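Protein chains: 2
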Amino acid sequence: MQRYFAKDESLTLNDSDYHHIKKVMRMKTGDVYEVVYDNVVYKCKITDNDFSYEILEKYKVESSKREIIIAFSLLKEQKLDYVLQKGTETGASSFIPLITKRSVIKFDKGKEISKLKRWNTIAKEASEQCFRPDIPEIKKVMTIDELINVSADLKILLTLNEKSKNIKKVLQKNNKCDKIIIVIGPEGGFEDVEEKKLIENGFVSVTLGKNVLRAETAPIVALSMINYEFMR
Amino acid sequence: MQRYFAKDESLTLNDSDYHHIKKVMRMKTGDVYEVVYDNVVYKCKITDNDFSYEILEKYKVESSKREIIIAFSLLKEQKLDYVLQKGTETGASSFIPLITKRSVIKFDKGKEISKLKRWNTIAKEASEQCFRPDIPEIKKVMTIDELINVSADLKILLTLNEKSKNIKKVLQKNNKCDKIIIVIGPEGGFEDVEEKKLIENGFVSVTLGKNVLRAETAPIVALSMINYEFMR
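Protein chains in written order, with this note's numbering: chain A, 1 to 232; chain B, 1 to 232.
Hints were generated in silico from the structure; no laboratory data involved.
Bear in mind the structure is a predicted one, so any value in this text is a computation, not a measurement.
Every residue, glycine too, gets a C-beta built ideally from N, C-alpha and C.
Accuracy of the hints is not assured; some may be wrong.
As the list claims (entries may be wrong) - Negatives, chain A to chain B, calculated, CB over 10 Å: (1) 13; (2) 24; (3) 66; (4) 131; (5) 139; (6) 149; (7) 208.
Said to hold, decoys possible - List time: in silico SDA-like cross-link candidates among lysine to any residue, alpha-carbon distance up to 25 Å: (8) 23/B - 187/A; (9) 22/B - 169/A; (10) 163/A - 2/B; (11) 169/A - 24/B; (12) 106/A - 24/B; (13) 101/A - 25/B; (14) 101/B - 81/A; (15) 76/A - 82/B; (16) 79/B - 3/A; (17) 163/A - 32/B.
Stated by the list, open to error - Okay, the calculated beta carbon distance ranges per label pair: (18) 121/A - 143/B: 14 to 22 Å; (19) 161/B - 19/A: 49 to 57 Å; (20) 7/A - 60/B: 25 to 33 Å; (21) 56/A - 161/B: 43 to 51 Å.
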């Protein structure tokens, strides 16, 4: 069933969602779709062509109690979209785009608002598609100096340094944490000064295995492994 | 360092690789690249402009002893490429493209050889990029009836059926297996008759969690979770 996130408690949708229902899904009177607002799912049956509906059923859904923040170095558009879409599917609670020394993207602060709007749309659509009860938040673009002030029970720095512990050892030793932040560097990794600063500020350097993962692949693999560790 | 897979034990590369070294990487005399052949890595130093080289160092690398086969329903080109590239990064041993009832792609048998050539190139380049010592094999396109005859210690069917066990329970109960096959259905999942046939033939139906993953995301998540389970 198609799912949409409402803007308010009277279950108003975005215009683009109404367009999707009518023009893309071609729904008619009698068809049913789901609307989510404030962690409640409403099964709505269309009662006429002006999007009047009756609520057939409603039930509360819980978001994961564990918060997982993905902080990733700015990437080219397609790869960045990919991190947001797949990261949403695999359960990221929020995303922090990072400006790093080796970022391939020169970030234009003037475009931040329009970028955030675009990124939030990707997260919203991915949440609807994977039937998450919530939409991950895309935080404003940060520098490493801002990132180190974000609090968390466990701070993970993904690295290619083979001397680092693997993520399993670190997660099993920290299996009580409710808030995890994972930071992923740009292609080629962070510069030493950046890694040093992160580690000095409580980040634990971990590997995800032997293979050198692309910057857009690593967050999805890390999220999958964290989900697995906490799977019951 | 750049890595290439050789065609033979005299470390001959594909023409496209020589082009990459010269025109893309712009390597000159004195530059060093890695060549892999038969699980041995050779550090090669260019000694002149005609790709003569001296071997500075060679060492053996082992591929994973555990074989993981990803059988996935044919997808649109971009998504299929994505499964091959990310699946290679996350350690798939081989891939089996499947014809299923709900495949969005109508497979043209006449184009199979050219498709396989293209798919193998994607796997080779992904292996070079992630520094795998081996290139996963792309098997010929199969039907479900052919797939059920592929042997494995553990056969996993990824499903959206919430009543299924989660993958962690299944892997922990089967943590001795050396050959695992994972089958992923098309968007919308397999038809009941297909799932029934797979289960009757030894496939265990498992979930990867609550969210409904896209057909191209599920194999990467499953591979990541298997890597995590067997991480030491």
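Verification of the hints:
For residue 13/A, the shortest C-beta to C-beta distance to chain B comes to about 20 Å, beyond the 10 Å cut-off, and the non-interface label holds. With a minimum CB-CB distance of about 15 Å to chain B, residue 24/A clears the 10 Å threshold, and the non-interface call stands. Chain B leaves residue 66/A outside its interface by the beta-carbon criterion, the shortest separation being 12 Å against a cut-off of 10 Å. Residue-level check failed: residue 131/A sits 5 Å from the nearest beta carbon of chain B, not beyond 10 Å.
At roughly 21 Å from the closest C-beta of chain B, the C-beta of residue 139/A stays outside 10 Å, upholding its exclusion from the interface. Taking the minimum C-beta to C-beta distance to chain B, about 30 Å, the non-interface status of residue 149/A holds against the 10 Å cut. Its closest Cβ contact with chain B, about 8 Å, brings residue 208/A to no more than 10 Å, contrary to its assignment away from the interface. For the hint pairing residue 23/B with residue 187/A, the CA-to-CA distance comes to about 21 Å; that is within 25 Å, so the pair holds.
The straight-line distance between the Cα atoms of residue 22/B and residue 169/A is roughly 42 Å, outside the 25 Å bound, and the hint therefore fails. Note on residue 163/A and residue 2/B: the hinted pairing holds, with a Cα-Cα distance of about 21 Å set against a maximum of 25 Å. Pair hint residue 169/A plus residue 24/B does not hold up; C-alpha atoms about 39 Å apart against a cutoff of 25 Å. Pair hint residue 106/A plus residue 24/B holds up; C-alpha atoms about 23 Å apart against a cutoff of 25 Å.
For the suggested pair residue 101/A and residue 25/B, the alpha carbons sit about 22 Å apart, so the restraint of at most 25 Å is met. At most 25 Å may separate the alpha-carbon atoms for a hinted pair to count; residue 101/B and residue 81/A exceed this at roughly 30 Å. Restraint check: the Cα-Cα separation between residue 76/A and residue 82/B comes to about 16 Å, which is no more than 25 Å; the hinted pair holds. Among the hinted pairs, residue 79/B with residue 3/A is consistent with the structure: their alpha-carbon atoms are about 23 Å apart, no more than 25 Å.
For the given pair, residue 163/A sits about 24 Å from residue 32/B by alpha-carbon distance, which is consistent with the 25 Å threshold. A C-beta distance of roughly 39 Å is found between residue 121/A and residue 143/B, which places it outside the suggested range of 14 to 22 Å. For the hinted restraint 49 to 57 Å between residue 161/B and residue 19/A, the CB-CB distance of approximately 32 Å leaves it violated. Our hint of 25 to 33 Å for residue 7/A and residue 60/B is violated, since their Cβ atoms are close to 60 Å apart.
Checking the proposed 43 to 51 Å range against residue 56/A and residue 161/B shows it is violated: the Cβ atoms sit about 23 Å from each other.
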